[in-house]
Amino acid sequence: MAKTYKRHIAKSVTWRIVGTLDTITLSWVITGNPWMGLKIGFTEVITKMVLYYLHERVWFNIKAGVTQNGDSRKRHIAKTVTWRIVGTLDTMTLAWILTGNPVTGLKIGVVEVFTKMLLYYLHERVWYHSDYGLEQRSSHEIKSKDEYSST
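All residue numbers for the sequence shown refer to UniProt numbering, where the first residue is 1 and numbers rise by one.
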């Protein structure tokens, strides 16, 4: 069980790198100001790390969406949606506060919904195929993983 904490921390860090680069880029493009993009992106690093870690712990404890054969695509989609709601609200709020313009916060939030949903789903699929931080996978998860890899 203790090893899953390492996994969740590692997932938090890798996702935050991807997410922050996306936020910086979107904020820069939407505001036209590279410094504002950096300011919004780096400000949210702290809030997102905490929120993402808590999101991972909640999903780890509820076990929703894991099927008999070990596949978890529906779970990853549900996690993607719930995380995107939390993440977008955080980004919109920070962008509004830092730019002083609620419309700018809304624009950044709306665009990032699409970019981050795709990036997060891909991030989840990559981690699904990683054993890092797991003591062992159950036999049906290993079988499913092997079958998925061969198709």
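Watch out, some of these pointers could steer you wrong.
Below, a list of computed lysine-lysine pairs in the DSS-like style, where the Cα atoms sit at most 27 angstroms apart [stated by the list, open to error]: (1) Lys-11 with Lys-63; (2) Lys-39 with Lys-107; (3) Lys-63 with Lys-107; (4) Lys-39 with Lys-74; (5) Lys-107 with Lys-6; (6) Lys-63 with Lys-74; (7) Lys-11 with Lys-74; (8) Lys-79 with Lys-63; (9) Lys-79 with Lys-6; (10) Lys-39 with Lys-63; (11) Lys-6 with Lys-74.
Think of the hints as simulated: they come from the structure by calculation, not from any bench.
Against the structure, the hints come out as follows:
1. Lys-11 with Lys-63: Since the Cα atoms of Lys-11 and Lys-63 sit roughly 17 angstroms apart, the hinted pair holds (cutoff 27 angstroms).
2. Lys-39 with Lys-107: Satisfied, since the Cα-Cα distance of roughly 16 angstroms is no more than 27 angstroms.
3. Lys-63 with Lys-107: 34 angstroms, violated
4. Lys-39 with Lys-74: Judged against 27 angstroms, a Cα distance of about 35 angstroms means the pair is violated.
5. Lys-107 with Lys-6: Given pair Lys-107, Lys-6 is violated - Cα atoms ~35 angstroms apart, limit 27 angstroms.
6. Lys-63 with Lys-74: 12 angstroms, holds
7. Lys-11 with Lys-74: 19 angstroms, holds
8. Lys-79 with Lys-63: With a Cα-Cα distance of about 11 angstroms, the restraint between Lys-79 and Lys-63 holds, given a limit of 27 angstroms.
9. Lys-79 with Lys-6: 19 angstroms, holds
10. Lys-39 with Lys-63: Answer violated: Lys-39 to Lys-63 is near 36 angstroms, above 27 angstroms.
11. Lys-6 with Lys-74: 24 angstroms, holds
Hints 3, 4, 5, 10 from the list above are not met by this structure, while the remaining hints are.
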